[in-house]
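Enquirer: Using the hints provided, position chain B relative to the given structure of chain A.
So the protein sequences, as listed, match chains A and B.
Quick note on the working numbering: the first sequence kicks off at 1 and runs consecutively.
Quick note on the working numbering: the second sequence kicks off at 1 and runs consecutively.
The hints are simulated quantities; they were obtained by calculation from the structure and are not laboratory data.
Incorrect hints may appear among the rest.
Said to hold, decoys possible - If you want a taste of the chain A side facing chain B, the calculated C-beta under 7 Å gives, among others: (1) V52; (2) T109; (3) Y111; (4) R112; (5) Y130.
Unchecked claim - These stretches of chain A come out as covered by chain B in the derived footprint (C-beta under 8 Å, 3 or more residues): (6) 69-75; (7) 82-94.
For every residue, glycine included, the Cβ atom is placed at its ideal position computed from N, Cα and C.
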Amino acid sequence: MKVKNREIKTNIPTASMSDIAFLLIVFFMVTTVFTVDRTDVKLPQSELRLEVPRNTAYIVLTGVEGMIKWSAGEEMSEDYSVDDLYQLVGMEMQKNSNKYFVIKADKATPYRQIDKVFEILKESYAKNIYLLTQQETI
Amino acid sequence: MNIKRNESEVEIPTSSMADIAFLLIVFFMVTSAFAATRGLDYLLPPKVDVPENIEPEEAVHIKILADTSILIDGDYYELDEIQSYLKPKLERNPEKPILLQTEMDAPYYRMVDVLDQLKKVSEPVEKGGLGIPMKHLSIPTNKEFMEIMERMGLE
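Chain A extracted, bound-state conformation (with noise of 0.2 Å):
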């Protein structure tokens, strides 16, 4: 006798597939920050926070005494000596004087070199400032 081998089409459902992957695309476009500084750094605790407003220019003391990172707040940090400071910043001021800036620093990083970059930002009349800090934990 003949038996006929009975085909069974299997196939595997995908077609909820891009729903779930645009899912994930919106949250990452939700959660997406584009940082202009992508120092690793073990920032210092604090329980208050506020938020970095954008277009914050970035001054990153990257533990290397007498070197910064700097970004002006739209294009990737880049390397610069802290002498040049005196320059970006009043260029900053000149163009905006309410301009915020944000100091990134290792947190067990002496504090002549956190000195250092307050008297530059007060000599260039600069008023807003914030120190970039992680949550503390309880």
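Expert: Below, chain B alone, put in the same frame as chain A:
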């Protein structure tokens, strides 16, 4: 004659949709960084070429030493004691100036810790603060401190 209709199913090709979507996901995963964009704000006072005379007994002088200990008006205090020290003084006079000085070799995080405590003084009580507005908090630079000391005839 009966002509049989050739019924063809109409559909939009969506098989590549998932490929495109996953490609976009990979792009966003690679480019995204969960950035820390929050911090403590600090308003620098405007630079005055001829500073006003500061009477030392009127201001609260907080000094952070290189070994991270905290001196307030000459006495040692713990971090969580700062608010209770300032409370009666600020209640009596909210205009009281507070000077925060950090030694050059002290770690940055200690200054942030103290600044966090000072900023919380002005926060509402329900948010863990004291609800007392602090009007004159200043962080003079080392150079400015030297100038103040010089003017007062101290070393």
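Enquirer: Give a verdict on every hint.
Expert: Each hint tested on the structure:
no., hint, result
1, V52, "holds (5 Å)"
2, T109, "holds (4 Å)"
3, Y111, "holds (4 Å)"
4, R112, "holds (4 Å)"
5, Y130, "holds (5 Å)"
6, 69-75, "violated (count 0)"
7, 82-94, "violated (count 0)"
Hints 6, 7, counting from the list given before, are not met by this structure.
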